[in-house]
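Asker: So the chains spell out like this:
There are 2 protein chains.
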Amino acid sequence: MARRGANQPSVGGYNEAVVLDQIRRAHGHSRVELADATGLSAQTVSNIVQRLLDAGIVEEAGRTSSGRGKPRTTLRLVGSSRYAVGVHLDPGLITVVVLSIDGEVVARHARATPRAQDPADTVAVLIEDIQAVLSESGIDRSRIVGLGIAAPGPIDADRGIVVDPPNLLGWDRVPLRDAIAEATGLAVVLDKDVTAAAVAEKWVAAPGGAPNFAFLYLGTGLGVGLVVGDEVVRGGSGNAGEIGHIVVDPEGPSCACGLRGCIAVTCAPLPLVEEAERRGVLEADRESDDPTRVDAALTRLVHMAEDGDERARDLLQRCTVHVARALAVVSNLLDVDRIVMGGPLWDRVGPTFTEAIPPLLDEMRVARGVHPLSIAGTALGSDVGAIGAACLILDEALTPRPTSLLVPSA
Amino acid sequence: MARRGANQPSVGGYNEAVVLDQIRRAHGHSRVELADATGLSAQTVSNIVQRLLDAGIVEEAGRTSSGRGKPRTTLRLVGSSRYAVGVHLDPGLITVVVLSIDGEVVARHARATPRAQDPADTVAVLIEDIQAVLSESGIDRSRIVGLGIAAPGPIDADRGIVVDPPNLLGWDRVPLRDAIAEATGLAVVLDKDVTAAAVAEKWVAAPGGAPNFAFLYLGTGLGVGLVVGDEVVRGGSGNAGEIGHIVVDPEGPSCACGLRGCIAVTCAPLPLVEEAERRGVLEADRESDDPTRVDAALTRLVHMAEDGDERARDLLQRCTVHVARALAVVSNLLDVDRIVMGGPLWDRVGPTFTEAIPPLLDEMRVARGVHPLSIAGTALGSDVGAIGAACLILDEALTPRPTSLLVPSA
Numbered sequence: 001m002a003r004r005g006a007n008q009p010s011v012g013g014y015n016e017a018v019v020l021d022q023i024r025r026a027h028g029h030s031r032v033e034l035a036d037a038t039g040l041s042a043q044t045v046s047n048i049v050q051r052l053l054d055a056g057i058v059e060e061a062g063r064t065s066s067g068r069g070k071p072r073t074t075l076r077l078v079g080s081s082r083y084a085v086g087v088h089l090d091p092g093l094i095t096v097v098v099l100s101i102d103g104e105v106v107a108r109h110a111r112a113t114p115r116a117q118d119p120a121d122t123v124a125v126l127i128e129d130i131q132a133v134l135s136e137s138g139i140d141r142s143r144i145v146g147l148g149i150a151a152p153g154p155i156d157a158d159r160g161i162v163v164d165p166p167n168l169l170g171w172d173r174v175p176l177r178d179a180i181a182e183a184t185g186l187a188v189v190l191d192k193d194v195t196a197a198a199v200a201e202k203w204v205a206a207p208g209g210a211p212n213f214a215f216l217y218l219g220t221g222l223g224v225g226l227v228v229g230d231e232v233v234r235g236g237s238g239n240a241g242e243i244g245h246i247v248v249d250p251e252g253p254s255c256a257c258g259l260r261g262c263i264a265v266t267c268a269p270l271p272l273v274e275e276a277e278r279r280g281v282l283e284a285d286r287e288s289d290d291p292t293r294v295d296a297a298l299t300r301l302v303h304m305a306e307d308g309d310e311r312a313r314d315l316l317q318r319c320t321v322h323v324a325r326a327l328a329v330v331s332n333l334l335d336v337d338r339i340v341m342g343g344p345l346w347d348r349v350g351p352t353f354t355e356a357i358p359p360l361l362d363e364m365r366v367a368r369g370v371h372p373l374s375i376a377g378t379a380l381g382s383d384v385g386a387i388g389a390a391c392l393i394l395d396e397a398l399t400p401r402p403t404s405l406l407v408p409s410a
Numbered sequence: 001m002a003r004r005g006a007n008q009p010s011v012g013g014y015n016e017a018v019v020l021d022q023i024r025r026a027h028g029h030s031r032v033e034l035a036d037a038t039g040l041s042a043q044t045v046s047n048i049v050q051r052l053l054d055a056g057i058v059e060e061a062g063r064t065s066s067g068r069g070k071p072r073t074t075l076r077l078v079g080s081s082r083y084a085v086g087v088h089l090d091p092g093l094i095t096v097v098v099l100s101i102d103g104e105v106v107a108r109h110a111r112a113t114p115r116a117q118d119p120a121d122t123v124a125v126l127i128e129d130i131q132a133v134l135s136e137s138g139i140d141r142s143r144i145v146g147l148g149i150a151a152p153g154p155i156d157a158d159r160g161i162v163v164d165p166p167n168l169l170g171w172d173r174v175p176l177r178d179a180i181a182e183a184t185g186l187a188v189v190l191d192k193d194v195t196a197a198a199v200a201e202k203w204v205a206a207p208g209g210a211p212n213f214a215f216l217y218l219g220t221g222l223g224v225g226l227v228v229g230d231e232v233v234r235g236g237s238g239n240a241g242e243i244g245h246i247v248v249d250p251e252g253p254s255c256a257c258g259l260r261g262c263i264a265v266t267c268a269p270l271p272l273v274e275e276a277e278r279r280g281v282l283e284a285d286r287e288s289d290d291p292t293r294v295d296a297a298l299t300r301l302v303h304m305a306e307d308g309d310e311r312a313r314d315l316l317q318r319c320t321v322h323v324a325r326a327l328a329v330v331s332n333l334l335d336v337d338r339i340v341m342g343g344p345l346w347d348r349v350g351p352t353f354t355e356a357i358p359p360l361l362d363e364m365r366v367a368r369g370v371h372p373l374s375i376a377g378t379a380l381g382s383d384v385g386a387i388g389a390a391c392l393i394l395d396e397a398l399t400p401r402p403t404s405l406l407v408p409s410a
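Listed in order, the protein sequences are those of chains A and B.
If you count the first sequence from 1, position 20 lands on 20 in the working numbering, and the numbers rise without skipping.
If you count the second sequence from 1, position 390 lands on 390 in the working numbering, and the numbers rise without skipping.
None of these hints come from the bench; they were simulated from the model.
Keep in mind that the hints are not guaranteed to be accurate.
Just some of the chain B residues that point at chain A, by a computed CB distance under 8 Å [to be verified]:
no., residue
1, Ser65
2, Gly241
3, Val329
One side of the interface only, derived from the structure: several residues of chain A facing chain B at Cβ under 10 Å [unchecked claim]:
no., residue
4, Asp36
5, Thr38
6, Ile139
7, Gly236
8, Val247
9, Glu251
10, Leu259
11, Arg260
Just so you know, these numbers come straight off a predicted model, no measurement behind them.
We put the beta carbon where it would ideally sit given N, CA and C, even for glycine.
Build out the structure end to end from the sequences listed, making use of the hints.
Answerer: This is how it looks when you write it as structure tokens:
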């Protein structure tokens, strides 16, 4: 992840972030408890809290008494004090959200990604949506900390460039981060969709959860976001999480990579719909491979399965076996404690996947006799990518690091 | 990794480890430079250095002058002050080394793993070898900080148990850590062979190297040790690094897991030798699948290829394609900066792998246009597992953590 912006608030302190992070996690600590929890002196905590109160980021929430001594004033984050914008560019869907500092979506806009010949047209649509959502939200710009973008890989994280995602036709090294920063005047970060989804899970859905987990992202493409040792894994160039060429069906279709049955050519929405059409389960009446048309066909297939169509159910069951095989590779390589599933397809495939995948995967795990693996759908639904994109900014602002976006230095 | 031992030195301080780590890495820092580098006060550094000098772990190496002010005394680690024992149990080979605190192998013993029916017999051989190496080394037991074991997975890291490695017949939840601790009186840690190899690479071969790398371990089985964000990846139960069921040849032989062409049934020594026998490249005159006989047959195959036998060369080339495919899965998932290869097979397959794999892998990498990937053989040779096992102890002793094995508290 890398950032650039014309309008960055100045750098705050590491200790502020430590205190803020503690206030966020603890829900209702007093100054004394904050000093205990952070190891900072009472005076330091008191000064920091005063600055956070002055900045309106924290408020006094009430008084508690432990029976002895004088009652203590508890503190809490003011959700409406700061916001981050999250933009998710999926080849099939553009989602923009505004997220409050306490993780609530306060404004949202989604639309099918336009089938533009020129990436500049899609970028223009993104900017239009961002400005519309910001304007509709009525939030003062001074309260917007920054904007995060979740995009399909490969990306060039250092340069804020979307390189050449297989499902975004015509995109070739598009400097998306700087384009959005220039148009909006906001501090902007760019990261991969799967990474953003993992960050969302870590920040909003299950803070303090499993220290090692994989987020299976189901969109126009499939990928995984990874958290290892409670840290998000980005890799050397921000491109961690590619699983497209894991072979899940040795008898499957040929792949451009030279292998057969890679998950990218068996379980992604397009090959799944194509297979349904080849088998006559779906009518082959799509006019194009446009992701929105593919998505509509996939929805029909899921509804047929729900209505009891055996052939549609077989296809989806087969898909769960393939996905379980890919997850087994990830799980065996990283020995994760938890797998979370979500993304734009989740509202359709969720019930089938939630039922079928856990027992399949457990059979395939090398460490199954040693420790359990929990598997669940995300609580964040299809917006997880956009929420995660906003969380990239909150993560930067609220994680104790030498710099902070939130509070100007005293 | 988890530890147990009857004879553990008492717990030292976090700051000692910070200072020691800095002395180890910097080669020739003075007290003033140590204070600058660690952020500790001059007085704290001075006290710690005095304790390390008294303990004989550090010595004054000389004096440097910067031209102004008084000359400074530089400090260095005393290699002969502390040692760790490393034990590598590969199904084909048992290696025991004694490693000095500065990473030199000062004693070594290796033998073919006995084909014992009862794991207790193999454990007895391990203990015999450890005692023989320690006795031959002539090192006073008070200078031995502990003993690390590298074993094939799956392991139960918390309990120090070797669970049921596919290539160790008859092994079923063997409490190896405690057995060795009881027999030797040393503090013992148990970890997976691949993890130990990655630790060795990080500590001895390339300290300060790539923050994200994978170590391809080539032994009786194949696996990878992982380092992400400069931290060794162990996963939830110490079993990270399993790659056996990555499909690398969709037309390959069936695997017990239900797939075809998993790397465990195509590229490990036994299936490779079996394929050579099926093709008539090697005579089918092995008396058993004993790893040492398989290893000897593999050596013959490599020599034939080196002598120009086209069919032997084809088989090894095919193997490099398969290995490259597995490494592509790892590399695409984790976006590593570097891949290191080594282990018991490396002295045989090294030249072929070093030549063939980098160009194959580069073709398969999703991030190839964004950042380079370096690929190399380890400088530590076939002993990397045993050296890594000893490094597990040094890692625990020299990495700044709340506890330290090295220096009793003042």
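Asker: None of the hints should be skipped; say for each whether it holds.
Answerer: These are the hints, each one checked on the structure:
no., hint, in the structure
1, Ser65, "34 Å, violated"
2, Gly241, "7 Å, holds"
3, Val329, "6 Å, holds"
4, Asp36, "18 Å, violated"
5, Thr38, "17 Å, violated"
6, Ile139, "35 Å, violated"
7, Gly236, "4 Å, holds"
8, Val247, "4 Å, holds"
9, Glu251, "7 Å, holds"
10, Leu259, "6 Å, holds"
11, Arg260, "4 Å, holds"
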